[in-house]
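Residue-level listing of the chains:
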Amino acid sequence: MTELQRLRDAFRTALDLPADAPVDDLRYQDNEKWDSLAHMSLVAAIEDEFSVMIDTDDVINMSSFGEAVRILGKYGVDVK
Amino acid sequence: MNLLHPDARVVDAATGDELTAGLIDRAAAELAGERLLFLPMPSTVPAVARYLAALRLDIPVVLLDPEGDHTELIQRYATDEVHPDLALLLTTSGSTGNPKLVRLSRSAVLANARQVAESLGVTGDDVAITTLPLFYSYGLSVLHSHLLAGATVVLERTGIMQRDFWTAVDEHRVTSLAFVPYQYEMLRRLRFDPAKHPSVRTLTQAGGRLRAELMTDFAQRMSDAGGRLFVMYGQTEAAPRMATLPPDRLGDKLGSVGLAMPGGAFAIEDDEVVYRGPNVMMGYAESAADLVRGDEQGGVLRTGDLGRLDDEGFLFITGRLKRMGKVFGVRINLDDVEREFPVAAVAGDDRLHVFAEGITADDARALRTKVAEWLGTHFTGVDVRPIEALPLLPNGKTDYRALEASL
Chain A
-11 MTELQRLRDA
-1 FRTALDLPAD
9 APVDDLRYQD
19 NEKWDSLAHM
29 SLVAAIEDEF
39 SVMIDTDDVI
49 NMSSFGEAVR
59 ILGKYGVDVK
Chain B
461 MNLLHPDARV
471 VDAATGDELT
481 AGLIDRAAAE
491 LAGERLLFLP
501 MPSTVPAVAR
511 YLAALRLDIP
521 VVLLDPEGDH
531 TELIQRYATD
541 EVHPDLALLL
551 TTSGSTGNPK
561 LVRLSRSAVL
571 ANARQVAESL
581 GVTGDDVAIT
591 TLPLFYSYGL
601 SVLHSHLLAG
611 ATVVLERTGI
621 MQRDFWTAVD
631 EHRVTSLAFV
641 PYQYEMLRRL
651 RFDPAKHPSV
661 RTLTQAGGRL
671 RAELMTDFAQ
681 RMSDAGGRLF
691 VMYGQTEAAP
701 RMATLPPDRL
711 GDKLGSVGLA
721 MPGGAFAIED
731 DEVVYRGPNV
741 MMGYAESAAD
751 LVRGDEQGGV
761 LRTGDLGRLD
771 DEGFLFITGR
781 LKRMGKVFGV
791 RINLDDVERE
801 FPVAAVAGDD
811 RLHVFAEGIT
821 ADDARALRTK
831 VAEWLGTHFT
841 GVDVRPIEAL
851 PLLPNGKTDY
861 RALEASL
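Protein chains in written order, with our numbering: chain A, -11 to 68; chain B, 461 to 867.
Pulled out of the complex, with its shape left as it was, chain A reads as follows (with noise of 0.2 Å):
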């Protein structure tokens, strides 16, 4: 699976939506399940998918599906 399969999984699992649902285009509080206790799930799932400690700033900073792509970046997890 590439890497942006599994974070598309990661969000769909976190957010609890459907397998085919889509998640590219999601933001934080724009999706009525994206809120601050599926932040947590979220932040959660992605750690443990990719093995990354994620920093303070960047979980507040992880503001929508694009963001998370660029904040995995900074970890050295090249989202494509």
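Hints may contain errors.
[What the hints assert, rightly or not] Derived DSSO-like pairs: lysine-lysine, alpha-carbon spacing no greater than 30 Å straight-line: (1) 830(B) / 782(B); (2) 830(B) / 857(B); (3) 21(A) / 560(B); (4) 560(B) / 713(B); (5) 857(B) / 21(A); (6) 560(B) / 656(B); (7) 62(A) / 830(B); (8) 713(B) / 656(B).
Calculated from the structure, these hints are not laboratory results.
Owing to the predicted nature of the structure, the values given are computational and were not obtained by experimental measurement.
On the provided structure of chain A, position chain B as indicated by the hints.
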């Protein structure tokens, strides 16, 4: 009743709005003649002004979630006949199916605001920020205790996962943060470092049991930064605080919820924790007719918790008499869940685990959403597990121990 110390301040972090005597006067003028106020309570200055105006006019207030639909509750409780001591009516659980209200008198609300301010040492120099809804008893007690002590309360509608929240903490030099267990899990995830927010001196914890490991962790983080963690215990029925663990005893009394509030006392009767104090409710209400009833408790609250007291009076909670759970600080009756859905329910750490026989993964997801909506809680607090057949005891009843062991 007046909870507002003349030096107390309430300020909205996002808008800069500040509570003034004029705003309360205006709200009071609008409320004149009302007998009972159903008040949706967002964390805003106008809502706080309306709330304080109603208390000042001795109009009992039913505090409601501003996001919810309360048509049924309002129909059920609307009345012009209320008991003269009645100040505040709060719901006991997030469940929409069981809107029982706790009746709190003016003297109980005032007594608990004083007890909390005293046991936490709140002074006029303190600054609290809203971390919990004001219609929830813990969030409300932060407001009450700080207003009474002449402190400042910052109204902030974002949460700890958002940049604006921490900006407000630093800008307003917030000294005290109140969290329930799941927020401590979040703070750990955020790698909360009190040294980065030097104004913060005090963390408080209530709304369910915090894992001992997290308790020790956060007590250490705070003491390293010269601050303190207060672990507390309460129920809405006690307005709500019953016990506080002094921070300097957290180490040698780990797992205890502390000592009874000033003026209160605990006893263990048939293994059940019984609290006596000036902050105990008048009783419950299940209909409008109940709002005229006087005090039925005599200052005694059977908590439904099982526990023990040590020789110094420190209380340790060991379980629940009834099958109850807590999810995100809100109490859930497991039997109610089972009456509403064809499932077996057990309580986990800040989580409700639901077992359903012979369902598919898709059914499980749909059920999770339905159960969470019915409880008025967040879906991450509900875990649905398909099971081939529920384990049974020899008497044919569900074997909950086996289910708990399978988690």
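A quick look at each hint next to the structure:
1. 830(B) / 782(B): 24 Å, holds
2. 830(B) / 857(B): Distance ~25 Å between residue 830(B) and residue 857(B) Cα, so the pair holds.
3. 21(A) / 560(B): Answer holds: residue 21(A) to residue 560(B) is near 28 Å, not above 30 Å.
4. 560(B) / 713(B): 35 Å, violated
5. 857(B) / 21(A): With a Cα-Cα distance of about 36 Å, the restraint between residue 857(B) and residue 21(A) is violated, given a limit of 30 Å.
6. 560(B) / 656(B): Roughly 42 Å between the alpha carbons, so the hint for residue 560(B) and residue 656(B) is violated.
7. 62(A) / 830(B): Violated, at roughly 39 Å.
8. 713(B) / 656(B): 29 Å, holds
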